Amino acid sequence: MKFSPVVLTVSLLANAALAFVYFQQTPRVPRGSDTQSGPAPAPRAAIARESDVAAALRENPDFVEAAKSGDPRRMREALVRAGFPDPYVRDMVTFHINNSVTPERLALLRLQAAKPYWKTTPSEETLALQKTLRELDARNSALAKDVFDGKVPPHPLEAQNQQRRYRFLPADKIDAVIRIDHDYAELAAENRGAPTAESRERMQLLQREKRADLAQVLSPQELELYDLNVSPTAETMRRQLGLFQPTEQEFRGLFEVRREFDEKYSGMFGRPDPATLQQRAADLQAMNNQARALLGEERYNEYQRAQDYGYRAATEIVTHFNLPPANAVETYTLQQTILQQAQQIQRNAAADRTAAATQIAALLDHANSQLTRLLGPDGADAYKKTGGTWLRTLETSASRSGSTAPRPALRPTSGR
Amino acid sequence: MKSIPSLLIIASLTINAALVATLVKRPPSSRDEVYRPPSAAVPDAAPTVHSANGAATPGAITIAATGDPASATSKTLWERIESRDPATFVANLRAAGFSLGAMRGAAYALLRDLQTAERTKAVESLPVEPYWKATPSSLASSDYAKEINRLWHERDRTMRRLFPEEQEAFVLRQQARFGPLAVEKLEKLATLDRDYGEMRMELTRSSSGLRMPWSSDQQAFLEQEKRKDVAAILSPQELEDYDFRVSPTATALQRQLANFDPTEQEFRDLFRLRAPLDEKMRAGGMAFANTPEAAALQQKVAAEIKSMLGEARYEDYTRATDAGVQSAASIARRLSLPANTANDVYQLQREMQDREAAIQRQQTQSPAQRDAQLAALAAEAQQKLSTLLTTRGADQYRLETGSRSLPILERTGTPRR
Numbered sequence: 001m002k003f004s005p006v007v008l009t010v011s012l013l014a015n016a017a018l019a020f021v022y023f024q025q026t027p028r029v030p031r032g033s034d035t036q037s038g039p040a041p042a043p044r045a046a047i048a049r050e051s052d053v054a055a056a057l058r059e060n061p062d063f064v065e066a067a068k069s070g071d072p073r074r075m076r077e078a079l080v081r082a083g084f085p086d087p088y089v090r091d092m093v094t095f096h097i098n099n100s101v102t103p104e105r106l107a108l109l110r111l112q113a114a115k116p117y118w119k120t121t122p123s124e125e126t127l128a129l130q131k132t133l134r135e136l137d138a139r140n141s142a143l144a145k146d147v148f149d150g151k152v153p154p155h156p157l158e159a160q161n162q163q164r165r166y167r168f169l170p171a172d173k174i175d176a177v178i179r180i181d182h183d184y185a186e187l188a189a190e191n192r193g194a195p196t197a198e199s200r201e202r203m204q205l206l207q208r209e210k211r212a213d214l215a216q217v218l219s220p221q222e223l224e225l226y227d228l229n230v231s232p233t234a235e236t237m238r239r240q241l242g243l244f245q246p247t248e249q250e251f252r253g254l255f256e257v258r259r260e261f262d263e264k265y266s267g268m269f270g271r272p273d274p275a276t277l278q279q280r281a282a283d284l285q286a287m288n289n290q291a292r293a294l295l296g297e298e299r300y301n302e303y304q305r306a307q308d309y310g311y312r313a314a315t316e317i318v319t320h321f322n323l324p325p326a327n328a329v330e331t332y333t334l335q336q337t338i339l340q341q342a343q344q345i346q347r348n349a350a351a352d353r354t355a356a357a358t359q360i361a362a363l364l365d366h367a368n369s370q371l372t373r374l375l376g377p378d379g380a381d382a383y384k385k386t387g388g389t390w391l392r393t394l395e396t397s398a399s400r401s402g403s404t405a406p407r408p409a410l411r412p413t414s415g416r
Numbered sequence: 001m002k003s004i005p006s007l008l009i010i011a012s013l014t015i016n017a018a019l020v021a022t023l024v025k026r027p028p029s030s031r032d033e034v035y036r037p038p039s040a041a042v043p044d045a046a047p048t049v050h051s052a053n054g055a056a057t058p059g060a061i062t063i064a065a066t067g068d069p070a071s072a073t074s075k076t077l078w079e080r081i082e083s084r085d086p087a088t089f090v091a092n093l094r095a096a097g098f099s100l101g102a103m104r105g106a107a108y109a110l111l112r113d114l115q116t117a118e119r120t121k122a123v124e125s126l127p128v129e130p131y132w133k134a135t136p137s138s139l140a141s142s143d144y145a146k147e148i149n150r151l152w153h154e155r156d157r158t159m160r161r162l163f164p165e166e167q168e169a170f171v172l173r174q175q176a177r178f179g180p181l182a183v184e185k186l187e188k189l190a191t192l193d194r195d196y197g198e199m200r201m202e203l204t205r206s207s208s209g210l211r212m213p214w215s216s217d218q219q220a221f222l223e224q225e226k227r228k229d230v231a232a233i234l235s236p237q238e239l240e241d242y243d244f245r246v247s248p249t250a251t252a253l254q255r256q257l258a259n260f261d262p263t264e265q266e267f268r269d270l271f272r273l274r275a276p277l278d279e280k281m282r283a284g285g286m287a288f289a290n291t292p293e294a295a296a297l298q299q300k301v302a303a304e305i306k307s308m309l310g311e312a313r314y315e316d317y318t319r320a321t322d323a324g325v326q327s328a329a330s331i332a333r334r335l336s337l338p339a340n341t342a343n344d345v346y347q348l349q350r351e352m353q354d355r356e357a358a359i360q361r362q363q364t365q366s367p368a369q370r371d372a373q374l375a376a377l378a379a380e381a382q383q384k385l386s387t388l389l390t391t392r393g394a395d396q397y398r399l400e401t402g403s404r405s406l407p408i409l410e411r412t413g414t415p416r417r
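Just so you know, the sequences run in chain order A and B.
Residue 1 is where the first sequence starts when you use the numbering used here, and the numbers rise one by one after that.
Residue 1 is where the second sequence starts when you use the numbering used here, and the numbers rise one by one after that.
Derived by calculation from the structure, the hints in this document are not laboratory data.
Be aware that one or more of the hints could be misleading.
[Unchecked claim] Calculated lysine-lysine pairs in the BS3-like style (CA-CA distance at most 27 Å, straight line):
#, chain 1, residue 1, chain 2, residue 2
1, A, 68, B, 75
2, A, 384, B, 146
3, A, 210, A, 264
[Claimed, not checked] Label-pair distances were calculated between CB atoms; the ranges are:
#, chain 1, residue 1, chain 2, residue 2, range
4, B, 120, A, 322, 54 to 64 Å
5, B, 120, A, 9, 53 to 63 Å
6, B, 125, A, 200, 36 to 46 Å
7, B, 308, A, 71, 53 to 63 Å
8, B, 127, A, 204, 29 to 39 Å
9, B, 407, A, 322, 27 to 37 Å
10, B, 410, A, 260, 55 to 65 Å
11, B, 310, A, 322, 50 to 60 Å
Predicted, not measured: the structure shown is a model, and the values here were computed from it.
Virtual Cβ for every residue (Gly too), placed ideally from N, Cα, C.
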């Protein structure tokens, strides 16, 4: 190539000009770690940004005054006027009111951090500070409600979870249902504490009112879907019926059968009186009869079996030891048979207690050998430690059959 | 060989070409001050962000970094103050004069916003089952739980970097748990706690809610592994202190001895006697807890504790570890009742037990007369308990203890677990 001073000069000038433009426009690129702590912006951009923010604040003295006032209501109003998004307004105001790193709270943490491990009794200073902070929390909670005109908006993450929870409802109704849930959850929280007859009545009243509110928002079909998806009965059924694997039709049928019982006996506390216990047993029997009529004999047996703790444990064991699934079913059948036989022996025990003790001991031997056959030695051992509570009852019964001590009642198990 | 000027021209032209290509390829948005979290939380395509009036609108928030007064006047105050960079955002709010709490709230909201895409992705990864299908706990995907945990810790770390008060609170909380250790060690222990906590949760999930023996073995294995990891962080002396603070026996003792006020030596001796028993009870589970062997072991340890403490202090220990006294003490603290309330409840328990036994021993009265006396005694116990703990506290006491510590209350027919 022939040397040309002109070409070289022009090219070098172009180098300089392009480099100038390049460095002028180079953005502040956040580095991985910087993103956490706030990277230093390119000086010119930062200065421009700072001056813009300073100008913005100068132009809005009311905003600055509200920010500095510390008055949460003024702060909220100023933030809303300034166009801050609702979740930011919520968090800024609630964090301002309930700041968890105030000097008092840090002082309490310091006391707790300085406490030697053997000092199990909180110091007077700690107790006093805890009391002050409890009182402050109560005042702050009321203040936050007041600032948001009676209701602090739900946490945005909670709102997101709720959207998912109610995905079966039309999109335009979800917010209304979430609001109803939120309102009644707050009212229920106010009712918390040691359960009493009055608190149970209040809870039942709240449930009725909540349902009336939901019925105003949802169509009958949507309300039915709401019940099938999120009611306590539906949630319990999904938890209990994993091994039963109901069809949609079976689930709906069982739901209807079980809901009435659950509503009648939910929230009970204390030891029920004998009449209530008797009524509950009769209602349970009626409910099971309805389930049997609905499912048919075979599926009903599977339904009961699926809810049995011993069967669930046996299922876990056969899976863990890679045994045939039928062995879990056979273990359940063994359990039912043995308990029926033991019951029979107990009924006849009055005639000859010593003979009864011998018979139950023989039954136990048979049960143990069958369990080892079905689940293997390790599986049988695991079964006795988990699902085999009936075996322990049988052992106790065997040891007492020869004595006059009261015997534990033996009866075949059922899910509900 | 080419001459030096020729090489200079080639080099200069190459640099020009590279600069032109870079400038042409640079996207316009790169000039904007957009925070991108480390794991690309803010997608380029239509993330959810908020417009000035707070409504969710599609499109990335961008802030012109030029400070152009013309564009500034057309923006809302929010648009001029906000930044996707947490440190800048906090600095802007500080300049406005906001309180620490308000700035923390703003930073928290921003960090949550920045994680929207990751969180949504995690939530959407959860299986969606129709209502009639069972939802065993294992379906609450561990990946989901891990991701949500990770996002929470990422927010927590950033908040600590932004606010020294947050960092101080974190360190103090860890010191309250692990003792006066260096910050670096506290951070490592907190991370270990979190990691092993996740693994424990995973085990619980995979066990379908049943406590099978192999789950206990796996839990025990996890504990052993965790201890090895802890031992690698701490010196032998620090490890001993760690056991006195964090082990299951230590935490149980700290809870149970709240009214005993042990000396350091007493605490260490009690720990030494109780730890092997606790270990056996944990390993054996419910199946072992109800055996005569377990009862004998408990009696043996009780005798050793009595011998170690002496009569008087053992009486204090018995009172302090009584379930009724513990419940009364915690209620008294919550309701700001006098400090000696728990002791008074203990005396009431003893008095009522003695009087109930005396009534039961009476041979000269009919069952109906005895029942009437017991009913009157129950009413008196209820009234005295309410005087000591308030009505609310008395209900709570009965709920927590199931009336086991004051059995006469069974006859009054009010709250019980």
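Hints, verified against the model:
no. : hint                       : result
1   : A:68 to B:75               : holds, 23 Å
2   : A:384 to B:146             : violated, 34 Å
3   : A:210 to A:264             : holds, 17 Å
4   : B:120 to A:322: 54 to 64 Å : violated, 39 Å
5   : B:120 to A:9: 53 to 63 Å   : holds, 57 Å
6   : B:125 to A:200: 36 to 46 Å : holds, 40 Å
7   : B:308 to A:71: 53 to 63 Å  : holds, 59 Å
8   : B:127 to A:204: 29 to 39 Å : holds, 35 Å
9   : B:407 to A:322: 27 to 37 Å : violated, 49 Å
10  : B:410 to A:260: 55 to 65 Å : violated, 31 Å
11  : B:310 to A:322: 50 to 60 Å : holds, 57 Å
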